[in-house]
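Participant: Line by line, the protein sequences are chains A and B. Letter 121 of the first sequence, counting from 1, is numbered 120 in numbering that gives the first Met the number 0, and no numbers are missing. Letter 31 of the second sequence, counting from 1, is numbered 30 in numbering that gives the first Met the number 0, and no numbers are missing.
Calculated from the structure, these hints are not laboratory results. Quick caveat: nothing in here was measured; it's all calculated off a predicted structure. C-beta atoms are modelled at their ideal positions from N, C-alpha and C, and glycine is treated no differently. There is no bait here: all hints are sound.
Residues of chain B clear of chain A, computed beta-carbon distances all greater than 10 Å:
{"#": "1", "residue": "C39"}
{"#": "2", "residue": "T43"}
{"#": "3", "residue": "R61"}
{"#": "4", "residue": "G65"}
{"#": "5", "residue": "V84"}
{"#": "6", "residue": "T101"}
{"#": "7", "residue": "S103"}
{"#": "8", "residue": "A127"}
{"#": "9", "residue": "I142"}
{"#": "10", "residue": "T149"}
Which chain A residues face chain B? A few, computed with CB under 7 Å, are given here:
{"#": "11", "residue": "T46"}
{"#": "12", "residue": "D116"}
{"#": "13", "residue": "D120"}
{"#": "14", "residue": "A142"}
Derived DEER-like restraints, expressed as beta-carbon distance ranges:
{"#": "15", "chain 1": "A", "residue 1": "F32", "chain 2": "B", "residue 2": "L63", "range": "42 to 52 Å"}
{"#": "16", "chain 1": "A", "residue 1": "T87", "chain 2": "B", "residue 2": "K64", "range": "43 to 53 Å"}
{"#": "17", "chain 1": "B", "residue 1": "T95", "chain 2": "A", "residue 2": "S106", "range": "27 to 37 Å"}
{"#": "18", "chain 1": "B", "residue 1": "E138", "chain 2": "A", "residue 2": "D93", "range": "15 to 25 Å"}
{"#": "19", "chain 1": "A", "residue 1": "P154", "chain 2": "B", "residue 2": "K64", "range": "45 to 55 Å"}
{"#": "20", "chain 1": "A", "residue 1": "S106", "chain 2": "B", "residue 2": "A137", "range": "38 to 48 Å"}
{"#": "21", "chain 1": "B", "residue 1": "D79", "chain 2": "A", "residue 2": "R150", "range": "19 to 29 Å"}
{"#": "22", "chain 1": "B", "residue 1": "K64", "chain 2": "A", "residue 2": "S85", "range": "41 to 51 Å"}
{"#": "23", "chain 1": "A", "residue 1": "G66", "chain 2": "B", "residue 2": "L63", "range": "46 to 56 Å"}
{"#": "24", "chain 1": "B", "residue 1": "Y97", "chain 2": "A", "residue 2": "D93", "range": "15 to 25 Å"}
{"#": "25", "chain 1": "B", "residue 1": "G46", "chain 2": "A", "residue 2": "L58", "range": "22 to 32 Å"}
{"#": "26", "chain 1": "B", "residue 1": "A137", "chain 2": "A", "residue 2": "V153", "range": "19 to 29 Å"}
{"#": "27", "chain 1": "B", "residue 1": "N146", "chain 2": "A", "residue 2": "T114", "range": "26 to 36 Å"}
Given next are the chains, with one letter for each unit.
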Amino acid sequence: MKYKIARTSLASLFAVALIVSMAPTAQAVACSFARAAGTYGVSDSGTVVGIGPRATVALLTFDAAGGVKAKVTASLNGSVTESTLSGTYTVNPDCTGTASFSEFDQSGNPILTATVDAVWDDNMREARFIFTSVVLADGTPLATVISGDGRKLVP
Amino acid sequence: MKRTIPELFAIAVALAVVSLVPAAKRQMTTLPVVHAQSGCSNATLTGNYAAIQPAGFTTPGRSLKGAAVPWQVVGTFTLDGAGNVSASYTAAVNGTDYTSQTASGSYTVNSDCTASLSFTSGDAAGYAADLAIIRSGAELFGIAAGNGDTASFDAKKQ
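Based on the sequences and whatever the hints tell you, model everything.
Facilitator: Below, the structure is given as C-alpha cells:
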C-alpha cells in the first residue's frame, strides 16, 4: 500500500513538473520583422512649421521583409488629400526602429520623402513614431513636429 | 415534527424575501463601483516602456514668458523598480529634430499610484513630470511639470 501511494505521488509530481515546464515563459521576446508584420490603423498629428497644423489617418502594412506601404488621408492646414506611400523600415531587438518612405498623389506623382523614428509597445501590437525629416519632391525640406501611433488591426 | 400550514407559509415567505434581496440590491446599485488603485510602489514601474508625447508645447528656455512652440517626443523609458529611470528618445521642437537623445534620473511612486519623475542628467536634464499609473504599471500617463512646458504623454510597457 505504501509503495502504491509513493508511486502515485511520484507520478503526480512528474505530471506537475511537465506542465510547469511546458508553460510559456514570461521573458520578453525580442522585436523583429516577423513580429512587426501586419496591418495597422494609424493616426498622427502635429505641425508643419510655417504652414499650419496637420493630421492624418492611414491604413499601413509592414511586411516581414522590411517593406512598408500605406493608404493615407491627410489634412494640412485644412487642405485634405489622399495619397499612398511605400518604403522600407527597420526593427531593432529592443523594439526601436525607423522607416523611410516616399509618398505619391493619386496619379502616382511623388509628393515627398520622409523618415520617422519608431518604438513598438504592448507586445508589438502598437507602434509610436515621430517624423525626423520631410522633403518635398522639389527638394524643399519641411520643418515638422509630427508624431503618431499605429495599432494592429488584428492583434 | 409535523409542521402546520401557517408555519410552512411563514417559511415560504421568509425564503422568498431572502431570495429577492440580492436582486433588489442589484437594481439599487445603478452606478458602477470604482475603487481607487492603491498599493503602488517604485517596484510597480519596472521594465521598458514606449512613450509618446503628442501635441506638446514649450517656450524657449522653459520660460514662463514667450511664445510656445510645438514640441513632440517619441522614445523609450527604462524604469528599474528602484527609483531610477533612463530614457532614449527622438524629439521635434518647432521643426528641429533631435535624434538619439538620452537622459537619466529618478522617480518616486506614491502608494495611491501617482508618481513623479525628473531627469537630472543627459539631454533632458531639468525635465520633470507628474505621473498617474494605471493597469498595475502596464501603462502610465504623464504631464510635464516644468516651467514653460505644456505637454502630456502616454507610455506603455513594451
